[in-house]
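A.B. asks: Now for the letters of each chain:
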Amino acid sequence: MDFLDIFLTVGFWAATVRMATPLIFGTLGELICERAGVLNLGIEGIMTMGAMVAWMWVYQGGDLWTGILVAALLGAAIGILHSGFSVYMGLSQHVTGIGITLLSMSLSYFSFRMLLPGISTPPKITPFAPWPVPGLSEIPVIGEALFTQTPLTYLAFLAIPAVAWLLYRTPIGLAVRTVGENPMAVEAQGINVFHLRTGAVAVGSALMAVGGAFLTVSVFDAFYFDMVNGRGWISIALVIFASWHPGKALLGALLFAAFDALQIRVQQASDIAIPYQFFLMMPYVMSILALIVMSRRAAYPKALLTPFRRGER
Amino acid sequence: MSEDRQIVLRLNGITKRFGPLVANDRISLTLERGKVLALLGENGAGKTTLMNILFGHYVADEGDIEIFGRRLEPGSPKEAIAAGIGMVHQHFTLADNMTVIDNIVLGTEPLFALHQNLAAARRKINDLAREFGLHVDPDAKISRLAVGERQRVEILKALYRGARILILDEPTAVLTPQETEALFATLRGMVARGLSVIFISHKLNEVMAIADEIAVLRHGRLVARRPRAGAGKEEIAAIMLGKEIPEPKRTPMPAGAERLRLDGIAVSGENGSGLHDIALSLRAHEIIGIAGVSGNGQSLLADLISGLIRPDAGSMTVNGQPFSEFTPRRAIAAGIGRIPEDRHATGVIGDLQIQENLILEQCRSPRFSAFGWLKGRAIARHAQQLIERFDIRGAAPTTLTRTLSGGNMQKVILARVLEIAPKVILANQPTRGLDVGAATYVHEQLLHARANGAGIILISEDLEELMTVSDAIAVMYRGRLSAPIPAEQITVEKLGGLMAGHGFGEGAQEEAGHAA
Numbered sequence: 002m003d004f005l006d007i008f009l010t011v012g013f014w015a016a017t018v019r020m021a022t023p024l025i026f027g028t029l030g031e032l033i034c035e036r037a038g039v040l041n042l043g044i045e046g047i048m049t050m051g052a053m054v055a056w057m058w059v060y061q062g063g064d065l066w067t068g069i070l071v072a073a074l075l076g077a078a079i080g081i082l083h084s085g086f087s088v089y090m091g092l093s094q095h096v097t098g099i100g101i102t103l104l105s106m107s108l109s110y111f112s113f114r115m116l117l118p119g120i121s122t123p124p125k126i127t128p129f130a131p132w133p134v135p136g137l138s139e140i141p142v143i144g145e146a147l148f149t150q151t152p153l154t155y156l157a158f159l160a161i162p163a164v165a166w167l168l169y170r171t172p173i174g175l176a177v178r179t180v181g182e183n184p185m186a187v188e189a190q191g192i193n194v195f196h197l198r199t200g201a202v203a204v205g206s207a208l209m210a211v212g213g214a215f216l217t218v219s220v221f222d223a224f225y226f227d228m229v230n231g232r233g234w235i236s237i238a239l240v241i242f243a244s245w246h247p248g249k250a251l252l253g254a255l256l257f258a259a260f261d262a263l264q265i266r267v268q269q270a271s272d273i274a275i276p277y278q279f280f281l282m283m284p285y286v287m288s289i290l291a292l293i294v295m296s297r298r299a300a301y302p303k304a305l306l307t308p309f310r311r312g313e314r
Numbered sequence: 125m126s127e128d129r130q131i132v133l134r135l136n137g138i139t140k141r142f143g144p145l146v147a148n149d150r151i152s153l154t155l156e157r158g159k160v161l162a163l164l165g166e167n168g169a170g171k172t173t174l175m176n177i178l179f180g181h182y183v184a185d186e187g188d189i190e191i192f193g194r195r196l197e198p199g200s201p202k203e204a205i206a207a208g209i210g211m212v213h214q215h216f217t218l219a220d221n222m223t224v225i226d227n228i229v230l231g232t233e234p235l236f237a238l239h240q241n242l243a244a245a246r247r248k249i250n251d252l253a254r255e256f257g258l259h260v261d262p263d264a265k266i267s268r269l270a271v272g273e274r275q276r277v278e279i280l281k282a283l284y285r286g287a288r289i290l291i292l293d294e295p296t297a298v299l300t301p302q303e304t305e306a307l308f309a310t311l312r313g314m315v316a317r318g319l320s321v322i323f324i325s326h327k328l329n330e331v332m333a334i335a336d337e338i339a340v341l342r343h344g345r346l347v348a349r350r351p352r353a354g355a356g357k358e359e360i361a362a363i364m365l366g367k368e369i370p371e372p373k374r375t376p377m378p379a380g381a382e383r384l385r386l387d388g389i390a391v392s393g394e395n396g397s398g399l400h401d402i403a404l405s406l407r408a409h410e411i412i413g414i415a416g417v418s419g420n421g422q423s424l425l426a427d428l429i430s431g432l433i434r435p436d437a438g439s440m441t442v443n444g445q446p447f448s449e450f451t452p453r454r455a456i457a458a459g460i461g462r463i464p465e466d467r468h469a470t471g472v473i474g475d476l477q478i479q480e481n482l483i484l485e486q487c488r489s490p491r492f493s494a495f496g497w498l499k500g501r502a503i504a505r506h507a508q509q510l511i512e513r514f515d516i517r518g519a520a521p522t523t524l525t526r527t528l529s530g531g532n533m534q535k536v537i538l539a540r541v542l543e544i545a546p547k548v549i550l551a552n553q554p555t556r557g558l559d560v561g562a563a564t565y566v567h568e569q570l571l572h573a574r575a576n577g578a579g580i581i582l583i584s585e586d587l588e589e590l591m592t593v594s595d596a597i598a599v600m601y602r603g604r605l606s607a608p609i610p611a612e613q614i615t616v617e618k619l620g621g622l623m624a625g626h627g628f629g630e631g632a633q634e635e636a637g638h639a640a
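Taken in sequence, the protein lines are chains F and H. Per my numbering, the first sequence starts with residue 2, numbered consecutively. Per my numbering, the second sequence starts with residue 125, numbered consecutively.
No lab work stands behind these hints: they were computed from the structure. Using N, Cα and C, we set each Cβ at its ideal position, and we do this for glycine too. Do not rely on the hints blindly, as some may be mistaken.
Claimed, not checked - No more than 30 angstroms apart at the CA atoms, straight line, and that leaves these computed lysine-lysine pairs for DSSO-like:
| no. | chain 1 | residue 1 | chain 2 | residue 2 |
| --- | --- | --- | --- | --- |
| 1 | H | Lys373 | F | Lys249 |
| 2 | H | Lys373 | H | Lys618 |
| 3 | F | Lys303 | H | Lys265 |
| 4 | H | Lys248 | H | Lys202 |
| 5 | H | Lys159 | F | Lys303 |
Said to hold, decoys possible - Covered by chain F, according to a simulated footprint, are these stretches of chain H (three or more residues, beta-carbon under 8 angstroms):
| no. | segment |
| --- | --- |
| 6 | 218-226 |
| 7 | 310-324 |
| 8 | 499-510 |
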């Protein structure tokens, strides 16, 4: 297969859209947290937890959608734990975030082992089936790439304008953006900074968990260790790439997913004489380059990483 | 209670402690409808703490607050706003990268509504702006606004929420004299419409100009309360300080050799915030004051002379020698003594001991180190001498510097600077946040250094301070420096005009128009 032929296959574009989905959830979630002034490095662990919990719920006989809901709620709960340390106690957001990631990742693996002892091959569930959008999926190429996906992918793409509307068109969005700029401005207008930040971190973490759940109940049908595989960290980079704007987050997620999809296909093409590890590396190199270019002009939320303590300036 | 003497606010026995410090000690106060109450006192007297309790930022340890006859729930700005209190904080509580209208409507709508009605908000803001003379573009970003405009946004924020009692915390600190007049006009308009104002200040002249009643705080206690009419300025000053502190007198002195010369200095900065064509000549036995509203390039100028940044063009000469390598180390070696603007951040290292802070600039000198080892005994002896000479209170050489009060911390910096008898002293806001006693001490020391032959650049926002100790005053405006005006020819009006940009060249005016 020729290198350029890859771009002509519908499968490549469909894969790009599919692989962008968890990144969109993760990036939007992280973006909401950071807009409120809290860096959430717990994302990798929260995505792992979401993946495990949703899968386990379905495996134990639960419904797919309820599984997503359970993952979201647990994600929110971990988010609240994060904000207990980072917002209420004002501890280092870096340390808290890494701790949350380690905790929830290990907890996921531990629970998996506890609930399913002595299993060597991961058991399977019946995941979401593709749901072709009536009418639109008939369009050649675009129909197959965009409109023959699983429901969670549609949800991710709808979440982008929803989050953008929330942040830029509603009073709560204004408050969230302001608290990430200057918490004192929020406090002085009679809004509780702690509640606001905790709410934002909880909602953001719920989205991250849904992104993780997508992996086990939509793409694959089983839970593997390390299956989140750095998608959380990539989401953090994508937030910077997107300069904290939901619309640009979509662009970043698609770009990264495209490189990832390309990398898989190039690996399989036997007549390309470059070691496959090179292509494995490509998405990450690309994201570093994109960061260098994009983050130059990025105006980050000014109060990011700064805990708010009442009665201090 | 008759209609024209309605009590709108009553503080009953407010006490607030921070650890061992009693910031407010059983303060009781009342405020009448349509009156301006000035809360006067030195820095650290407890004025801001009291107002932060009133606005709900802090909770008082004892005492309660009544507004329009109803008890105010403590510790909640939301309750305070709902009760009709508005506060203009000394450090503005605005989000810089958002628009005026965003900042004003924040918190005024139900949080979980699906959209905002900005059109109605814009109309209301424009109406209020017209009524009270607070002109500002509702769609401008805060970061594009000048300090005076930002303050108008803060006042509009309070009025938009329907405030009946407006607290202003040191509102004139960032204003030119002319802007202060405009603010006073706005306040008088409010009072005429039945609002009440609490005006916090430590500047006596302003208080005498605007207040109906004056309450004086000292060390957390309310020590006097009287109507402005009939109160004498000297009397109030004496109450405020608790004692007479004579301000040191500057005696005329012939200037000596040139100590510092700046020629055509330019530093680029974002959207015109750099330095442009700075020229200055400072001689021995001379103090040149630099006035200006904060943020007009004073910090850059100070950084430049301190050797922290290098100019893009122009030259600097120190004591006749060209100064080309702009590093702090070279600046120290050239004999430039530096009193930085922010003593906590850059003046001292709070977690080091006093003796360590005192040798920071000389730690490589053979006096204090040999073969890379510090000489502990020499350092301690040095510190002990300076502590005695500069009267640093509550301090041993090994005391952690951050435990000192602001005034004593400034003495540590003064000691470090003056001990090496510098040729040039750069004093940037040396008395900011100090009480009158400590400020007077700083002035004495600067005048003393001047008598010993130093040339001094004194950057300050306090015009009274500048006029007391300077031999000449130059004004900074948008990165340009005016020619120094000799002390004999200085008037407040003249300085105010320059601070507002009048009398600067074409270029400055053009940029001013551009930024506005």
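A.B. asks: Taking each numbered hint in turn, which are not upheld by the structure, reported in ascending numerical order?
C.D. replies: Numbers 1, 5, 7 and 8 - these are the hints that the structure violates, sorted from lowest upward.
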